[in-house]
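> Chains as they are written, first to last, in the working numbering: chain A, 1 to 295; chain B, 1 to 327.
Just so you know, these hints were derived from the structure itself, not from any lab.
Below, computed lysine-lysine pairings styled on DSBU-like, alpha-carbon distance capped at 35 Å:
hint, chain 1, residue 1, chain 2, residue 2
1, A, K102, B, K254
2, A, K172, A, K142
3, B, K320, A, K172
4, A, K18, A, K275
5, A, K215, A, K275
6, A, K34, B, K285
7, A, K120, A, K34
8, A, K142, B, K286
9, A, K18, B, K305
10, B, K216, A, K120
11, B, K286, A, K275
12, A, K120, A, K143
13, B, K320, A, K120
14, B, K320, B, K254
Covered, in the sense of this in silico footprint (three residues per stretch, anywhere, with C-beta under 8 Å from a C-beta of chain A), are these stretches of chain B:
hint, segment
15, 156 to 166
16, 223 to 231
17, 247 to 254
18, 259 to 270
19, 275 to 285
Some chain A residues well away from chain B (every beta-carbon gap over 10 Å; in silico):
hint, residue
20, R73
21, P97
22, K120
23, W126
24, D177
25, S253
26, A288
Glycine residues also receive a C-beta, built at the ideal position from the N, C-alpha and C atoms.
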Amino acid sequence: MSLEFAFYPGCAGKQVQKEAEWSARAVCAELGIKLHDMPGATCCGAVSLRETKPAFSLAVAARILSEAEADGRDLATICNTCLQTLSHAHYRFRTEPEILEKINAVNAQAGIRPYGVTNKVRHLLWVVTDMVDQGVLKSKIKKPLNGLRVAPFYGCHSIRPTEIFADKAGEKADHLDRLITLLGGKPVAYDGRDRCCGFHVMLSDPTEMRQMVAKNCLSAKGAGADVMITPCTLCDMAMGAYQGIAEKTVGQSIGLPEMNFAQLLGAAMGIHESKLGIDRLHIDPKPALAARGVL
Amino acid sequence: MAEQTYTFRIQRNQVVGGGRLESRWQEYQVKVEPNATVLSALEEIKGHQDGSLTFRQSCRSAICGSCAMRISGRTRLACKTHVGIAARDGVVTLAPQANQPVLKDLAIDIGPFFKRIQTIRPFLEDGPETATQVGKTAYDHVNQVSQCIMCGCCYSDCTMAEVSPEYIGPAALAKAFRFVSDPREGKKSDRLRQLSEPHMMWACSRCTMCVHVCPKDVKPMEAIVKLRTRGIAKGYVEGPAQKHALAFHEDIKKSGDLNEFTLMIRTLGLVGTLQETGSALHLLKKGKIPSPFPHQARGIDQVSKVYNLLEQNPLDVETKAPEIVPE
Ligand code: FES
Chain A
1 MSLEFAFYPG
11 CAGKQVQKEA
21 EWSARAVCAE
31 LGIKLHDMPG
41 ATCCGAVSLR
51 ETKPAFSLAV
61 AARILSEAEA
71 DGRDLATICN
81 TCLQTLSHAH
91 YRFRTEPEIL
101 EKINAVNAQA
111 GIRPYGVTNK
121 VRHLLWVVTD
131 MVDQGVLKSK
141 IKKPLNGLRV
151 APFYGCHSIR
161 PTEIFADKAG
171 EKADHLDRLI
181 TLLGGKPVAY
191 DGRDRCCGFH
201 VMLSDPTEMR
211 QMVAKNCLSA
221 KGAGADVMIT
231 PCTLCDMAMG
241 AYQGIAEKTV
251 GQSIGLPEMN
261 FAQLLGAAMG
271 IHESKLGIDR
281 LHIDPKPALA
291 ARGVL
Chain B
1 MAEQTYTFRI
11 QRNQVVGGGR
21 LESRWQEYQV
31 KVEPNATVLS
41 ALEEIKGHQD
51 GSLTFRQSCR
61 SAICGSCAMR
71 ISGRTRLACK
81 THVGIAARDG
91 VVTLAPQANQ
101 PVLKDLAIDI
111 GPFFKRIQTI
121 RPFLEDGPET
131 ATQVGKTAYD
141 HVNQVSQCIM
151 CGCCYSDCTM
161 AEVSPEYIGP
171 AALAKAFRFV
181 SDPREGKKSD
191 RLRQLSEPHM
201 MWACSRCTMC
211 VHVCPKDVKP
221 MEAIVKLRTR
231 GIAKGYVEGP
241 AQKHALAFHE
251 DIKKSGDLNE
261 FTLMIRTLGL
271 VGTLQETGSA
281 LHLLKKGKIP
291 SPFPHQARGI
301 DQVSKVYNLL
311 EQNPLDVETK
321 APEIVPE
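Using the sequences and the accompanying hints, generate a full structural model.
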């Protein structure tokens, strides 16, 4: 079965966290997953748009989902907030047909193809852990992690609410842990795994955001983690790029390498680090990876 | 279902001299069926093994909210949580609610929590906005939040409360929504103005944890999102979080993608942005500064057209709780 998706990396994946997007593409090429660009897709608006312009946010989501649907494809993303925003809209279209009808009617006036709710919203991580043949995935691992202790940071918007994420929600979420184990690493159990990275209050409540980052990273480090991985470009930005800033706020050094799941997966597949943008990470994971013979 | 022996790992807490809290972990073995409640196991321990163990309970039916505690990591009602579901490899870990002062063992001082509820004036007030007629569907807006039993689960697991003792918290905000949405309330705007201040509704990080842990499906964060919509509509747009939220629709209809380059200035203003220069330089080290010219989505005119159509003919898409029909 060939896997093909409409690829929706999200604004961060296209700009500040492009290393996650590069890695996702590199990994998918190895696994034979076809990612199709979405030239018409806009920003999903995140929860902000739901707050300021609720109806417009549904119209925007319907337009994005419809672009993928027109080609008969499910949508795959590498941003948790895009995942939650589009899944939330998808859930409403599925359960409230009268809302879908109204939104489609407005969209049609602007020349947008009506959305039929015949496709799905997926995280690329779920594609890797639940749709790709795990035997095939294993055969692609050229550089197993050799017991590297990896802290899985799931990120709020891919595991809550339960209403939407069902068997992948809350305490039931285990896909990152399973991936780490399959790569030959050891998943680290720690308090932060389902906590908040603070990304969405980065500018409005900077001190609180940085305390969240520090707390999560220190908890992972305290539990013995060598590196942390997340499935989300926004968590990457917060826990990785902002970790050094958080260190200053709490007056404590942390130094926990943080990377996108696709970067670690790519490294374990033996993909060259330049294709994975490892150099764009603020806290260099190379020493930890090299110590286990990865890279 | 057959009885099984479970290990209960319970945090014992004791306030010692100078108000300092002394904590230790104590283990008990309890033989119960997997579908027994955590509360019944606690009663078994207190009745037959250790009378000194302290916890709260009253209704045993998920009504009074007394028995909220951290059960295997998340805050839940002990009377509603089954041992078999809470156990991890046969172990159930119990600790008092977080973000609250602990009195003894699993009992916390709920006072500070209720102080927060009082801040939002949890009663109807007469005023210029009191409606004289109440429509048939008026209650649909509030019946979700009126299910709240004030157990404190959401506040205990709130990721913002964890780092910000000033934050009002999800339960108080859900309660505030209940009054803002009640047609009989006379001071709706005044409430929204107060809720737009720092550490109130805009401080929520939208982690959705409160929605996840609420034992009564109140969905506090959904109420917070709705409060924000109402606050913006009333023109309370002064704080950085409000400005940040308002940046999105402009960018989406103009080019499609978020202009992260100008987002900071639009959120914090020039002075605030200059104060963040250190952070910007830190990000710049790894080239993590967005392009000032975000890419243009194909067919972007469709998006601005939809925006204008919806501005001319607003569409009410707010979720309403289904009517609760007595059995
Ligand atoms: S004892 Fe009343 S809610 Fe549990």
